[in-house]
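Can you make the complete structure from the sequences, with help from the hints?
Number of protein chains: 2
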Amino acid sequence: MPEVRLNQITGDWVIIATERAKRPEEFKHVREHSAFPEHSPSCPFCTGNEAMTPAETFRLTDDEGRWTVRVVPNKFSALTPEGVIVKRRDDLRECLSGVGLHEVIIESPMHNTTTALLPLNRIGDILVAYRHRQIAFYDDERVEHVIIFKNHGEDAGTSLEHPHSQIVGTPVFPGQVMNRLNEAIRNYYYVNFGDCLYCTYMKGEKDDGLRVVSENEHFLAFVPYAALSPFHVWIYPKRHNACYGHITDDEIPALAVILKEILLRLYVGLGNPDYNYVIRSLSPGGADAKYFHWYLAIVPRLTKAAGFELGTGMYINTSLPEESAEFLRNVPIGAL
Amino acid sequence: MPEVRLNQITGDWVIIATERAKRPEEFKHVREHSAFPEHSPSCPFCTGNEAMTPAETFRLTDDEGRWTVRVVPNKFSALTPEGVIVKRRDDLRECLSGVGLHEVIIESPMHNTTTALLPLNRIGDILVAYRHRQIAFYDDERVEHVIIFKNHGEDAGTSLEHPHSQIVGTPVFPGQVMNRLNEAIRNYYYVNFGDCLYCTYMKGEKDDGLRVVSENEHFLAFVPYAALSPFHVWIYPKRHNACYGHITDDEIPALAVILKEILLRLYVGLGNPDYNYVIRSLSPGGADAKYFHWYLAIVPRLTKAAGFELGTGMYINTSLPEESAEFLRNVPIGAL
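Going down the list, the protein sequences come from chains A and B. Residue numbering for the first sequence follows my numbering, beginning at -2 and increasing consecutively. Residue numbering for the second sequence follows my numbering, beginning at -2 and increasing consecutively.
Treat the hints with care, since some could be wrong.
Pairs count within a copy or across copies, as identical chains cannot be separated in the list.
[Said to hold, decoys possible] List time: in silico EDC-like cross-link candidates among lysine to aspartate or glutamate, alpha-carbon distance up to 20 Å:
| # | residue 1 | residue 2 |
| --- | --- | --- |
| 1 | Lys235 | Asp205 |
| 2 | Lys301 | Glu151 |
| 3 | Lys203 | Glu91 |
| 4 | Lys72 | Glu319 |
| 5 | Lys72 | Glu16 |
| 6 | Lys301 | Asp152 |
| 7 | Lys200 | Asp87 |
| 8 | Lys235 | Glu320 |
| 9 | Lys235 | Asp246 |
| 10 | Lys72 | Asp285 |
| 11 | Lys84 | Asp59 |
| 12 | Lys84 | Glu0 |
| 13 | Lys203 | Glu320 |
| 14 | Lys203 | Asp192 |
None of these hints come from the bench; they were simulated from the model. On a predicted model such as this, the values are computed, not experimentally measured, just so you know.
This is how it looks when you write it as structure tokens:
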């Protein structure tokens, strides 16, 4: 019998379609890997080609002074970084000028690697870059909301091989994020006890244990009870904090460990699947909000959203979250 | 300069990325058409193979008694039609048994056609089938919400060639649909004047005219001001009515005409793109709701949702809605 599970964090129901369910191994595919070179003369993200990008806004270097992470404005930005925001309203047609910030985080000088395979300290560098740029973006008073995300592979919306992620600052506060805040604010635990929904939910997942994939001193990684798609993983910080930018220097290496571990389990277990990850967060000004909690969501793109999902916002998950978690726990990855 | 437009119906902002924008023609692709046969011996939806499907729940026939549309339970249903709903709650883990209805509308006996190419009276038959099944689904007291949708092509989530659409009755009311109702109920026009947001919005689109693609006595088809993707088209009934199932016998042929016209403009103009369409509606019991208005949304799948869309619910549209509408208006399609 299928189940319909409520995702208390998003307010969305998910159909766990056990009758259609596949075994976890069935999602594994053998990918046709083009033999990418370690360096590509035409890639603007490769070492030696730094002049092909707009002027960088941030960089970290290794002990020999070579850059490990560079952040540059996106040449094909969806929003324009210059100008003031003009608002226009003509009855029900309302718009703002498309002013905002959009940068690319180049995650490695090497062309043919992927985040899962980077050394831990390099993943830490990426996380430090995210923190720096998120805070800088929110310093721009035209920015209302900042989203950090990664698109890995064509099904996840990128055709660039060179490992990179992105950060966008929008001049509006997204309706979907507002809906999440509403869910958290009107939740029973917050309304009655002032408890953060996310903290309460995380405690439940930890105690139950069935869907936990990994845990360390500062983070818990688990497949959500109402995961919207197979191998969907959430990484929650144990310390209550609504803003990613307020992550501490102690927490960064712990996040690098658990992020690498999860990405590597997906890479080995499912054959380098396409995926997106996003960091959901409020602004530094909202860091102390009791009702929100930043987190990182990883969504492998193994299934397609079709008319049902478009028309209802409900997803049909053809895997059992408990089985996805068990499968991921058992992927042999060796020492990180 | 890009624009950020508010979709007042959904509450979501959309980035109209004019800097990245393509000309409408650039979305056209020449599709590799496999030469499908008119009849496939292994296809359960083809004439002569009726025994391969579960027992049909509805059919319409032509003057010679041959079926034109059949509706059958989905063999690979996401929900199970038998059983009672059991609710379980364990703290923040809440679920229902996956009981619900899921049927397939077989749109034609012919294997190798597509909805856009069917005669008008056959499209009318499909719309009559939708009406009948929607009302029947809502008669089942276990059903809380019904969605009618079509997936055309692999990028839209189907691999079956034989033209078909689907109807699902879920035992829960989707959070996304609830959010839409909230938008409509708290809208300025409804709060202050008791006016339907959709009626008001449709009037604005008609008066402005820039994004209108087609119109007849009963329906208006237009690219929404804040279209979330290229060539996104909404078909609104002019008569205020919250439930598709209450569409009249006069309105059905008018909807068939405008639906065929839009699908044909997409087929000819863009080279048979993959698309989804969905009919958003309340139940017959809610048909008189002043704040909601059923409509049909067509979403060509020409771009991919990536991390930005996942993390914000905001879409980046690389076409200007006014240009999409003009392009569609000018596609030569001849008489219907």
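*In rising order, the numbers of the hints this structure does not comply with*: 4, 8, 10 and 11
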